[in-house]
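S.K.: These protein sequence lines are chains V and F, in that order.
First residue of the first sequence: 1, per the working numbering; consecutive thereafter.
First residue of the second sequence: 508, per the working numbering; consecutive thereafter.
Just so you know, the hints here were simulated from the structure itself, not pulled from any lab data.
Just so you know, not all the hints are guaranteed correct.
Simulated restraints, written as ranges between beta carbons of each label pair [unchecked claim]:
hint, chain 1, residue 1, chain 2, residue 2, range
1, F, V596, V, R460, 45 to 55 Å
2, V, D369, F, V596, 52 to 62 Å
3, F, G660, V, E15, 19 to 29 Å
4, F, S519, V, E485, 48 to 58 Å
5, F, D620, V, T312, 49 to 59 Å
6, F, R532, V, S322, 38 to 48 Å
7, V, S322, F, V579, 56 to 66 Å
8, V, D468, F, S519, 34 to 44 Å
9, V, E485, F, D597, 48 to 58 Å
10, F, G886, V, E485, 36 to 46 Å
11, F, E769, V, E15, 35 to 45 Å
12, F, D620, V, D369, 28 to 38 Å
No residue lacks a Cβ here, since even glycine has one placed at the ideal position from N, Cα and C.
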Amino acid sequence: MARKKKLAMLPQGSEWTLPAITEYDEAIGEVAQRYRLDCYPHQLELISAEQMMDAYASIGMPLYYHHWSFGKHFLANENRYRRGQMGLAYEIVINSDPCIAYLMEENTLTMQALVIAHAAYGHNSFFKGNHLFKQWTSADAIVDYLVFAKNYIANCEERYGEETVERLLDACHALSNLGVDRYKRSPKLSLEKEKGRQKEREDYLQAQVNDLWRTLPPALEKKAVKAEKHFPEEPEENLLYFIEKSAPLLEPWQREIVRIVRKIGQYFYPQRQTQVMNEGWACFWHYTLLNTLYDEGRLSDGFMFEFLQSHTSVIYQPPYNSKWYSGINPYALGFAMWTDIRRICEQPTDEDRAWFPDIAGSDWRETFDFAMTNFKDESFIAQYLSPKLMRDFRFFAVLDDDQRAKLKIDAIHDERGYRELRQQLSDQYNLGSREPNIQVWDVDFSGDRSLTLRLFSYMRRPLHESYDAVLDHMATLWGFTVRLEAVAEDGSVVPIAERMAEKRHHG
Amino acid sequence: MTVRIIDRRFDSKNKSSVNRSRFIRRFKGQIRKAVADAVSKRGIRDIDNGEKISIPGHDIAEPQFSLDHGGVWGQVHPGNDRFTSGEEVDRPLGGSRGRGKGAASKDGEGMDDFAFTLTRDEFLDIFFDELALPNLVKRQLAKVEEYKRVRAGFTSTGVPTNISLTRTMRGAAGRRIAIGGPYAAQLRTLEKTLEELLLTRADDDPEVEALRREIAVLRARIAAIPFIDTFDLRYNNRIRVPQPTTQAVMFCLMDVSGSMDEAKKNIAKRFFMLLYLFLDRNYERIDVVFIRHHTSAEEVDEDAFFHSRESGGTVVSSALEMLRDIIRERYASGSWNIYVAQASDGDNWNDDSPRCRELLTETILPACQYYAYIEVTDGAPQNLWEEYERLAASYPDHFAMQRIGNVADIYPVFRDLFRKRA
């Protein structure tokens, strides 16, 4: 149809203009549609470097409640940026509907096009398709929820004092990495519901908690103790959830704030679970979309040079002994894996046929959508990391056991090592094994109401000493003594630390 | 696909300012200490800038439950260049190059000092806080200089209300003369020729006709020169100049005898800084003269003033004599406002104190705007203090003195000074 007419060269030069950006966006969008990328509508926002730093400080969110820690991040970024130690990320993209992508004013036109392809089409389609995002985040409600959270917390500050709220937020932030449901499904967030039900929930929760802690008449007490079982009945891995629902001394507004921090933490959890997939997906698509445009003669060689220069530096993987090495670059691994999956679909070797009988020779777009929709980093790697990639990256697995004098090379990129290597790399992206497994184990209901947390040790990995400060926060929230004990793999229980709550929070 | 492009660059910039000020409020203790360190390092004249400070990273860490090194960790690395399966290798991996990183991460991230930049306002705010300045004074000191607009000749661009009529008309007249001048000269000669011609020729002679035509053309040309042109417009020009228009000199006098230790000097330094800040707000140009003394006085630069140590006894009058001489030599004219700030620990030769009072009353105080004396000491007042006290009574507007145990005591010395200007 109108394709012929559009085949003219897209605007060139390094200075961007709004019409030029619109033209690029249309052209990229048209190619994306041909590739059947399913995206939320998007919104491009041009911002200055300072605004980018603002956005950084609040995890990219357009608005956020106030807390000193965001100020700290802002100051740190500002300082590094001013001294030229850090370039700002080219883009921030927000998982919302419409999907918001920030374009920084200092970028060249080429970079803007790259960002549009990467964020507004790449990340955007991932947000819309991946099951974790679908399940845990509701893109249409997040901005409204943030507005609600910001206003609610601002109101609390007005009513109860900034410092009181700040202390509470400190405590919640300290627990936020263990404030997520790793395996459960979540109900959807929505502003309407939140507002409507917040009051109701407050009353209900308080009633429940009160019930839980009702002082029983002495005569009944004995019987009650017998009848009562372990509380919680099942250990609870979501510490913030447990606090919100069961901490005896919290006021309703305090529970609501715990809930806000928990909800927002949960919202970001899928991003941490799918970093390799998500970044790789976005890199694959900006690469593919822009190359398609180039093949059609719509981009100049100059554009491609600049684009490839920044593309290759983003997906560069330094070897382990380089001074630039700081672990595996998720962009590099992700991009390589998606590219490799396409290769397996289109030009499978005998090895690929043996390893990936299901997808070798299949339609790559369908395979892509299936993989993008149904996996997270851990399972994605376990499923799709091919021997060829392990050879290309020259991966090797090192076992670091502090009881042995030397490191052991467990597996390398050879026939014997592929499966082991793949398993280990997959485990490396399992957040569950990267973070301590601490669960609420017991509440001493009939006694001093103390709370016992249990650390289930895995591979003898010790807790970082920061647990000390975190326990203080936990005790503040719980209101009574909090204990932390470790369970070794052989089942023995060792107490680690105990905190008395200093002050009980009454009214 | 619907797409919106929104230009947000001109939206509010300082979304983080609330968070920023909360951060500063929360760690005021640490920041104040860092500011105090910074103050002792910077010069008196730099007090009015922002400052890069750093506070211990440990204090501001955001703790979370996390795993530490130790136990068993499997890790996949890229770029194998030498290892085979089952091989055992020394720690750390990658030899010496990896070591630096390992050592750094052992301390844990974020345990390094946290460095950031305070803006000028934030810096001054904390500096003032320590000095316990009243708010009114803080505001007065922190405010940026005011400007006033003064006439500064004329320009050829501007707004209509600023048109200077006389200048414009003068310019227009000049232009008319300049452009019309040659025509007028030509006209005069032609008219003269015509007159002479008419004496001999008839009125309708072709030559006369031609001359008349030529004259008419010239007249038209002269008439066509515009009376006023945009080119002639002149506007009154006004420029902004800083409001304070006078100059001041500030003398810093300090006793550097053995009994003045670093802590006392640091207190004295803040005293000098505060006076400098005050003067900086009120005068356009400030000279600072540093005079240090023990038994004899000398004029030094700022660095030597604060950082070198001397020992020996104290003769305050030596400094006052030097002060008097410098005033006479360099700042004698009435165009200088003279401020003196003297810091000492109160020691002086007994016989010297009356001499000091004499010097002050006879030559120095009459020339001074303000003379502030602080005694940094915990002990009982000595003779210099007693002599000065007698002075204070007779010069209540010019002379202030204060015994100082800590920096918050400094402000009362300046109270009158600030009240007068506020």
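S.K.: Starting from the hint 34 to 44 Å, judge whether the C-beta atoms of D468/V and S519/F obey it.
M.R.: holds, 40 Å
S.K.: Lying within 52 to 62 Å: is that true of the beta-carbon distance D369/V to V596/F?
M.R.: violated, 42 Å
S.K.: Looking only at beta-carbon atoms, does the pair E769/F, E15/V fall within the given range of 35 to 45 Å?
M.R.: Violated, at about 57 Å.
S.K.: At the C-beta level, are E485/V and D597/F separated by a distance inside 48 to 58 Å?
M.R.: Because 36 Å falls outside the window, the suggested range is violated.
S.K.: Measuring from beta carbon to beta carbon, are D620/F and D369/V in 28 to 38 Å?
M.R.: Given a distance of about 49 Å, which is not inside 28 to 38 Å, the answer is violated.
S.K.: For G886/F and E485/V, compare the CB-CB distance with the range 36 to 46 Å and indicate the outcome.
M.R.: violated, 59 Å
S.K.: Holds or violated: the 49 to 59 Å window for the beta-carbon distance between D620/F and T312/V?
M.R.: violated, 35 Å
S.K.: State, for the Cβ atoms of S519/F and E485/V, whether the hinted interval 48 to 58 Å holds or is violated.
M.R.: Because 49 Å falls inside the window, the suggested range holds.
S.K.: Between the beta carbons of V596/F and R460/V, is the distance compatible with 45 to 55 Å?
M.R.: Hint violated: Cβ distance 21 Å, outside 45 to 55 Å.
S.K.: Does the Cβ pair R532/F, S322/V satisfy 38 to 48 Å?
M.R.: With a Cβ separation near 42 Å, R532/F and S322/V satisfy 38 to 48 Å, so the hint holds.
S.K.: The hint says 19 to 29 Å between G660/F and E15/V; measuring C-beta to C-beta, is that right?
M.R.: Check failed, 40 Å falls outside 19 to 29 Å.
S.K.: Falls inside 56 to 66 Å, the C-beta gap from S322/V to V579/F?
M.R.: violated, 26 Å
Of the hints listed earlier, those the structure fails to meet are numbers 1, 2, 3, 5, 7, 9, 10, 11, 12, in rising order.
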